[in-house]
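So the protein sequences, as listed, match chains A and B. Under the UniProt record's numbering, think of the first position of the first sequence as 1, with each following residue one higher. Under the UniProt record's numbering, think of the first position of the second sequence as 1, with each following residue one higher.
Everything labelled a hint here was simulated from the structure, so no lab data went into it. Each hint can be trusted.
Copies of one chain are not kept apart here, so a pair can be met inside one copy or by any two copies together.
No more than 20 Å apart at the CA atoms, straight line, and that leaves these computed lysine to aspartate or glutamate pairs for DMTMM-like:
| no. | residue 1 | residue 2 |
| --- | --- | --- |
| 1 | K188 | E214 |
| 2 | K188 | E215 |
| 3 | K281 | E300 |
| 4 | K51 | E63 |
| 5 | K281 | D270 |
| 6 | K7 | E164 |
| 7 | K51 | D72 |
| 8 | K51 | E123 |
| 9 | K7 | D185 |
Protein chains: 2
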Amino acid sequence: MSEEFLKVARAAREAAAELAPLPRAPKDRALRAIADALVAHTAEIVEANAKDVAQAREQGTPEAMIDRLRLDARRIQAIAEAVHQVADLPDPVGEVIRGSTLPNGLELRQLRVPLGVIGIIYEGRPNVTVDAAALCLKSGNAALLRGSSSAYSSNTVLVRVMQEALERTEVPSGAVQLVPGLTRDSVKELMRARGLVDVLIPRGGASLINSVVEESTVPVIETGVGNCHVYIDADADLDLAVDILINAKAQRPSVCNAAETFLVHAGVADAFVPRALQALKDAGVTVHGDDRIAAYGEVEPATEDDFLAEYLSLDIAAAVVGSLEEAVAHIRRYGSGHTDAIVTRSQQAARRFVSLVDSAAVAVNASTRFTDGAEFGFGAEIGISTQKLHARGPMGLPELTSTKWVYTGEGHLRTSAGTVIPRSGA
Amino acid sequence: MSEEFLKVARAAREAAAELAPLPRAPKDRALRAIADALVAHTAEIVEANAKDVAQAREQGTPEAMIDRLRLDARRIQAIAEAVHQVADLPDPVGEVIRGSTLPNGLELRQLRVPLGVIGIIYEGRPNVTVDAAALCLKSGNAALLRGSSSAYSSNTVLVRVMQEALERTEVPSGAVQLVPGLTRDSVKELMRARGLVDVLIPRGGASLINSVVEESTVPVIETGVGNCHVYIDADADLDLAVDILINAKAQRPSVCNAAETFLVHAGVADAFVPRALQALKDAGVTVHGDDRIAAYGEVEPATEDDFLAEYLSLDIAAAVVGSLEEAVAHIRRYGSGHTDAIVTRSQQAARRFVSLVDSAAVAVNASTRFTDGAEFGFGAEIGISTQKLHARGPMGLPELTSTKWVYTGEGHLRTSAGTVIPRSGA
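This is chain A alone, in the form it adopts within the complex (with noise of 0.2 Å):
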C-alpha cells in the first residue's frame, strides 16, 4: 500500500475514534460549520469544478454526465441545505435497540455505535463528496471518499473546504478524508485496507460493484443495481396497470429503481399488451418482447441479455407469463433483488408474490420508483442495498451504525451451577 493512502486511512481511523463517543450537539455543530464554509467557499469551488468540466468536455464527455458535474452557485447552496437537513435528522447513535435486565440481575443493553471508517467509491457527482461525509459523520463515522477521477478538482476543493471548517469545531478534521490519486490503484488500496476500513459502499455501475465484491477484503455493502419487474396479474385492474408500468419505466429511466421488465399473465394479455404497447410507444419507449408479446404488435425481438439488462434507458424488456409463479421465477432469474412490482386486485396473489419475491423490496400497486429513502421518510439516503446481510433496501443513518452490547452487574461471576454474585460492593 502506498505510504499516501496509509496516511489518509490512518488519520480517518484516529479520527474516528475520536469521533466514535460524541454526542448528537457537536456533530450538528460541525455540519452547519461545513455547510457554511461550503457556501462562503463557492467561489472557489466552482472554479475548481471548470476545471473537471473543461476536462470532460476536452475528452468528449457526453452533456448528461457534465451536467452532473457541473458545480455553480445554486447547487452549492444546495447541497449546503442538504447538509443542514441532516444536522436536523436524530442521531442514530447510542440508540438502545434492546434491553432487559437478565434474570442474574446483569442489566443488559445493546446500543447502535458508529461502524468506523466507511469507505465509498462513486462516481463522477460532486454533490455526493459531500453528501457522503455529512452522512458519515453524523452516524459518528469517518469518510475516505473515493470519487469519479473526473472531478478530482472539485472533490479536491471541497474536502479541503470541510476539513478546514472541522478545524474550528469538536470533530477531528481527519473524519473527512480523500482517497489520492486518480488510477483505479487507489480503488485497489482501499478493498484491501482490511483492518483500516471496517466497511466500502461502492456506488455506481454492475461492474464496479462486482469487482469490488471479487476483490475486496473489507466488507462490502452492494448498492444500486436495479433490474426491477413490474408484473400485471390475471386480476389486474388494466387502467392502473398502464399508468404503473408507465410511471416506473419513463418517470425517470436512469435511476435503479425504474422498472427494466414487465411481465404479464396470459389471462390479460389479449387485454393489456395492446394498450400496454400502445401507451409505451407514446411515452417513447422501446420494447424488447418475447415471442408471445410480439403477437400484439411490433417490438424488438428480447434476448437473454434483454431480461438481464440494466437498462437506464427508454427500453423495457417484456414476457407473458403463464402464471404467478412463472412470473416469480422469472423475476428469481432474471432479477437484481432490488424492487418488483405486482398490478393485481386479488388478496391472494398479492401475499403469494410479497412472499415468494425476494427482492429488497416488493410494491403492490404502486409504483417501483418508490424504493427510496427519502420517500421512505428517512431524510437522507446513501444508496439502495441490493444484498441481504446487515442492510438492505434504501440506506438511510441507522444502516451506517452497527451496535454494542453493554452488560452491568456487582461483580457478576458465571459458575456450572449459575450465577454468583460474591458480594455487593461495586
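Since the structure of chain A is already known, use the hints to place chain B on it.
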C-alpha cells in the same frame, strides 16, 4: 467448481426458495421429526461416530478433542433435546421490524425474511451439525454444512438421518446438505459460491477465519476469536476484581469469552497485583507480565505475541497502565473486539470505558464469560460475531435473517410534483 459441490449447493438453493415462505408450524413439526429420528437412529449414529473416533485415536489426536468428537446415546439424546428447544423458540421470519403509513398513503412495512442458503464451516464437534441445521431451518434458511473432516462419518449419517426425517414433512429435505469431500477444496468451493450461498459463517481458529475473509466472495460473518480483557480501574473494589479476573480466566479457559489479558491501573497495582498473582497461581494460571507486573512476583515475560494471543489455556497476559485511556488504547491495539470488562466503583470511569472500547460486548463489574447467546436469553446461538456488519456479539435466530420492504398502494405513481393516485380501483 466440482459437479458434486454444485449438486448439493443447487439443491440447497432450491430448497431455500421452498422453505422461505413456510410459517412456523410446519418448520416446528420438521424440527421435532428430526429430533425423534436422531434418537431412533442412535445405534447407527454411534457406529459411524466410532469410526471417526478410532481414526482420530490412530492419528494421535489429543484426548480432549476426541472427547468433543465422541457421541453416545446420552449425547444424542441431548442433541435431540436441543432441537426441541429450537422448535420452542419464536420464529423470527415475518416479524415486522418497522412500519408506517407514509404521508402519501402507501403502507410500508419492513419484515424479517430468511437469508437463503447459509454455509457453515466448523470444527470437529458433530453436535454442531445438528444445532446449526436446526437454527437454519427454524429461521427459514437452507444449511450447507462443512464440518471437520475428522467427523465426516458422523456428519454423513447425521445429515442423512435429518434428510430422511424431513422427507416426511413439509420442509424440503434438500434444506440440510453436507458439503461433499474431505479436502480443503470443498472449503474453497464454499467460499467462491457467490450466488448459490448467501452468507458464510466460519467457526474455529483465527487462521481459518482469516483465510475465509481473505478469499471468500460470499459475504462472511466472522465469529469467535476472543482476546478478551479485564481492566482493573483505580476505583475498583479489589475483592470483586480478583473474583472477576479468576472467573473470566479460569472458569472455562477454552472458550472465546474467557479473559486472555488483564490490565491494572497503576494507582492500585501495589494493592492488587500481588493478590492477583497469588489467586491466579492458586487457580493454576501462568502469568505473562510486563516489567511493571514482574516487579510484584515471578511471571513469564510478556512479548507482543502474548498481548495478541488468544491462549484458550491457563495462561494470561498482564500489564500495568497509567490511566483508563491507556487501558483503552491497549485494548484497541491488541484486542479482537469480542468482550472487554472494567471493574470499577466509579460511574464516570464505567461510562467512559463503555463509550471508548470498540468491542462487541463491554462488561461492567461482571465476568467476560456472560457474552453468550444462552446467557443473553436468546435460547440458542450459532456463534459470536466479532465483526461490525450485520451482527455483532452473540447471534441468535434474528441474526440469521435479512429484511424485505413491502409497500402497498392503490395505484400510487411518483411524479416530480409528488405522489399521484390516478383512481382507486385496486
